[in-house]
Amino acid sequence: MNNNIIKINNVSKRFNNKKALDNISLDITKGSITGLFGGNGAGKTTLMKLLTNQIKSDSGSILIKDKPLVFNSKINASIGCLLERPSLYPYLTAREHLSLFNLLNTKNRDSNIKQLVEAYGLDEFKDLKAKEYSLGMKQRLGLGIAELLGGEILILDEPFNGLDPVNVNKLRSRIKFLKNKGVTIVLSSHLIRELDDIIDNLVILSKGELVHSISLNDFMKDKDNSLESEILKIMEAQDGKFI
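Going by UniProt numbering, 25 is the number at position 25 of the sequence shown; the sequence numbering is gapless.
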């Protein structure tokens, strides 16, 4: 296996004959953090659903650790994801959720549930049932579950949604911690400024097409503006509305 833990080769996807992704190819390096950016309808969520085996591509292939990701097979056990608002059991606490999902986790049964509860800022609500959670608390628990089930790869769509500034910083620290452990992370966020010192690489999509796939250092070389300004400039040039 080479250093590319994810290889996307000429992948296309349409919905009702409308192009969602058009012949996308890119490689994601093991242990890296890749930021996925684009406007409405750019194809970010479609790409993430393909990576997590939730939908099937019309053409092309995706390799995870040099093995084909086959649609409708058991999702690759090395991938954890949070793509939409997490579905939780209303009468379970955070610790009970994590303990339950840990039973399903065949690769990492020694997970420290207490440490995960603390890492995602849920320790002060340890006795609270999920039905009483705010949106931000649900998001944090969903992220903890994704980390628990993932192991080697995390796919996160708008992980900062619903988080206050304190918990945004906690999540940024957690993402850096996971990277240092060798976890590969692909994430999208409209909060670009929260990612400028986290991501190693960035991918920009527009109307289903790949605009850029480049390292952060190369992208920002000889540029005086912020990452946010540079990405917004590209999105405007692509006639896309960034949200």
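Hints may be right or wrong, so weigh each one.
As the list claims (entries may be wrong) - Using 30 angstroms as the maximum straight-line C-alpha spacing, the simulated DSBU-like pairs for lysine-lysine come out as follows:
(1) K223 <-> K179
(2) K30 <-> K138
(3) K49 <-> K207
(4) K129 <-> K114
Said to hold, decoys possible - Derived CB-CB ranges, DEER-like:
(5) L135 <-> L100: 15 to 25 angstroms
(6) D127 <-> K233: 21 to 31 angstroms
(7) E84 <-> N225: 48 to 58 angstroms
(8) G60 <-> K30: 35 to 45 angstroms
(9) I55 <-> H212: 22 to 32 angstroms
(10) S12 <-> P90: 36 to 46 angstroms
(11) K233 <-> L100: 38 to 48 angstroms
(12) D123 <-> D197: 21 to 31 angstroms
(13) D123 <-> S59: 44 to 54 angstroms
(14) F177 <-> K129: 27 to 37 angstroms
(15) K223 <-> K56: 16 to 26 angstroms
The set of hints was computed from the structure by calculation and includes no laboratory data. Note that the Cβ used here is the ideal one computed from N, Cα and C, for glycine as well.
**Message:** Taking the earlier hints as the rules, which of them does this structure contradict?
**Reply:** 6, 7, 8, 15
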